[in-house]
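Undergrad: Now for the letters of each chain:
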Amino acid sequence: MAVAAPAMFVTFGKVSSPLTALEREGAACAAVAGPDAPGFLGRQVALIDQGMPAIRLNTPGWLSAPPSLVAALTHRADLRLLCRDRLQGLTPPFAARASRWIERYLLAAAKAAAPPQDTGDITEAGDRYFATLLPLVAAHLTCVDRKDGVLLSTRADQGFVSLDLVLWDGMKLTGLLFGGTAARTPRQNQTLAKLAKRLGNRLHLQELESPADEDAAIGTLIAQQEKAPQPWFGPYRAEGFRGPLPIEPAERKCHAFAE
Amino acid sequence: MDGAISKNMTLLSQNTLNGFGGGGEGMAMQIAPDGRRIMWLAHEGPPKNFTAVDVSDPRNPRIICQTDLPHQRMRSNSLDVTGNLMVVCYQVSVPGDKPAGIELFDISNPENPRSISFFDMSGPHSRGVHCAWFADGEFVHCASGAADFEPRHPRDDQIYRIVDVRDPAHPVEAGRWWMPGTRKGDATPAPKRVRPMPLDSLRGPDAFRLHNANVYPERPDRAYLGYIDGGAFILDISDMSDPKVVGSWNPHPPYPGFTHTVMPLLNRDLLVVTDECVQDDAEDWPKLSWMVDARKEDNLIPISTFPLPPLEEFGHKGGRFGSHNIHENRPGPSMRSEEVIYGCFFNAGVRIYDISDPYRPETLAYYIPPGPEGSRAPTAQMNDIYVDERGIVYSVDRWAGGLYILEADI
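So the sequence lines, in the order shown, correspond to chains A and B. Residues in the first sequence are numbered from -17 upward in steps of one, following this note's numbering. Residues in the second sequence are numbered from 2 upward in steps of one, following this note's numbering.
If you're looking for bench data, these hints aren't it; they were derived computationally from the structure. One thing to keep in mind: the hints can contain errors.
Where chain B lies over chain A, by a calculated footprint (3+ residues, C-beta under 8 Å) [said to hold, decoys possible]:
| hint | segment |
| --- | --- |
| 1 | 172 to 181 |
| 2 | 197 to 211 |
Looking from chain A toward chain B, a few residues come up when the C-beta cut is under 8 Å (computed) [what the hints assert, rightly or not]:
| hint | residue |
| --- | --- |
| 3 | Gly(-5) |
| 4 | Thr2 |
| 5 | Arg79 |
| 6 | Arg166 |
| 7 | Arg169 |
| 8 | Gln188 |
In silico negatives: residues of chain A with every beta carbon more than 12 Å from chain B [said to hold, decoys possible]:
| hint | residue |
| --- | --- |
| 9 | Arg58 |
| 10 | Ala90 |
| 11 | Ala95 |
| 12 | Asp100 |
| 13 | Lys129 |
Quick reminder that beta carbons are idealized off the backbone N, C-alpha and C, glycines included.
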């Protein structure tokens, strides 16, 4: 019998206690998320559930910028810089390799998209840049079961698994790990293996040991830009466009996964 | 083990090395051509040169090779291994004595190490080599005197020397560096002594000389030096013939000296910097392990120290108490965690720390063996440590206990 896959809580960014972050924000996430809005993306916590669309640079929730700042950005290129700045701002001080990877990832994203143009249109070809999957840095992941469609708990009863970066493409979570198995203790490796078994094909773990591994991961992930539904949007959408666009369900069609 | 104190660690086995259980500061693992795991051990002092232990079954380690030094006025305190090539350091008690330098061995057949070459580093003011790092199979980075180096102070004799062993039969010097002011004739004034000591022994504290030099294949243009009372240095060695300082940090004084190891965590832009406790009964307390923010190499900032057990409990148990060697994340069959640090702390045993939050290191586990029989100290004096890629911990006692093999439940 197919069993509903557990939801995943991910804390990310400058979080020194994932449990505290989840205790503070987990219930709010769960309250916001529901059948009509599966999943939730905040500034420190994401709830990734079945049916949640891919988390991209233009997914609302993560980007912190007051309206006055946004209004002051007169060029499309500035929005890219704002995203880069905010993403680097999320990165903890001692996540140097992740920070360098993000820098290269965003450069590759810019290369893959058309150059930004100030056409004055609501969307433009260069907005493909913002369809790049959003890397959630210094992630701590925990699974939460549900009963009759309701999350059983918003606490990390089963502990957290640390991942250097995670990216959600609407179907699976890609977890990037620097340094290989020798960078982790036996128990850390066991916990990771257990998590991978539990999430099955919803989790794709990738060990990045060499610069070549890092480049390969960037290439694969940037290719996900193409799968984003058009029209592409920047990181800010008008009120009426905040929810999933009519075209998006096809991308985020999810299935129940067997355990 | 009766009398051991532990948390989250279990002793798998102990081997007293045929009664020569004084372990030095060289521990390296070889995966032999036939697949066996061989732990190569340096000795703290004579008469033994080095010992090889087959640790393929960590519950049943077996000595397969043990060699003698040519005389009693020397020690081979350090060694290192890459592939089937081993470098052994020779340090003499009196400057000018011999052999002082490094010897290279082919250890393809671990039962019968074959000497390939000897690189002489003796000289009128040289005691030879104290420590060596050999992680890329090409260059040996060592703390050594030199025939043409005359220190201003006799204890400042061991400088940073790089030896090119790409042709192992014909090693040649590739570069050298010393702390400015320590060589006779330097334009820079001599550094002020941190804790002046009488010159009845050249060993020990009150020294501006190199202890450890760490160079990692992922960052071949950087050398990380523990320069005893000179503190920590980061050198640009992209031109090995002309190393340049890019950053330094020194807590001594007011701290009591003896920076030992500078280990970079390259994925995190952090350094772990250890002092070495060199005096018994906490005479030189506190000897600390430091977390240092290295995001800007030219502005190194200490952000925390590793918690140690109470001075009242350990300071006067006998022997030394405080920081010393850590597992150095070298390439090979080796743990390479940047969040979990394994160290040995003399009478405070083997200790493991979680530094995932480097502002707040936490103790994860420890193992403190009872004082071994025949030791000159009443406590175990855990001197060096190595952790393989499976998380098996190997540590040696300085005087008599030999090799301890441990498992950590972390």
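Undergrad: Does Ala90(A) really sit off the interface, with its C-beta more than 12 Å from all C-beta atoms of chain B?
TA: 20 Å, holds
Undergrad: Return the status of the interface hint for Arg79(A): holds when the least beta-carbon distance to chain B is below 8 Å, violated otherwise.
TA: For Arg79(A), the interface hint holds, since the closest Cβ of chain B sits about 4 Å away, which is under 8 Å.
Undergrad: Apply the coverage criterion to the segment 172 to 181 of chain A and chain B: a residue qualifies when its Cβ sits closer than 8 Å to a Cβ of the chain, and three qualifying residues are needed.
TA: violated (count 0)
Undergrad: May I ask you to test the interface hint for Thr2(A) with respect to chain B, counting a Cβ-Cβ separation under 8 Å as satisfied?
TA: Violated: closest Cβ of chain B sits about 12 Å from Thr2(A), beyond 8 Å.
Undergrad: So Lys129(A) supposedly isn't at the interface. Is its beta-carbon more than 12 Å from every beta-carbon in chain B?
TA: 33 Å, holds
Undergrad: Far enough from chain B: is every CB of that chain over 12 Å from the CB of Asp100(A)?
TA: 36 Å, holds
Undergrad: Let me know if the C-beta of Gln188(A) comes in closer than 8 Å to any C-beta of chain B, holds or violated.
TA: With Cβ-Cβ at 16 Å, over 8 Å, it is violated.
Undergrad: With a cut-off of 8 Å on the beta carbons, see whether Gly(-5)(A) makes it to chain B.
TA: 14 Å, violated
Undergrad: Is the Cβ of Ala95(A) farther than 12 Å from every Cβ of chain B?
TA: 29 Å, holds
Undergrad: Tell me if Arg166(A) is really an interface residue toward chain B, meaning its C-beta lies closer than 8 Å to one of theirs.
TA: Because about 7 Å separates Arg166(A) from the closest Cβ in chain B, which is inside the 8 Å limit, the hint holds.
Undergrad: Is Arg58(A) truly not at the interface, in the sense that its beta carbon sits beyond 12 Å from all beta carbons of chain B?
TA: The claim holds: Arg58(A) sits with its nearest Cβ about 31 Å from chain B, beyond 12 Å.
Undergrad: Tell me if chain B covers the segment 197 to 211 of chain A under the three-residue, 8 Å CB rule, please?
TA: With 0 residues in contact (Cβ-Cβ under 8 Å with chain B), the coverage given for the segment 197 to 211 of chain A is violated.
Hints 1, 2, 3, 4, 8 from the earlier list are contradicted by this structure; the remaining hints agree with it.
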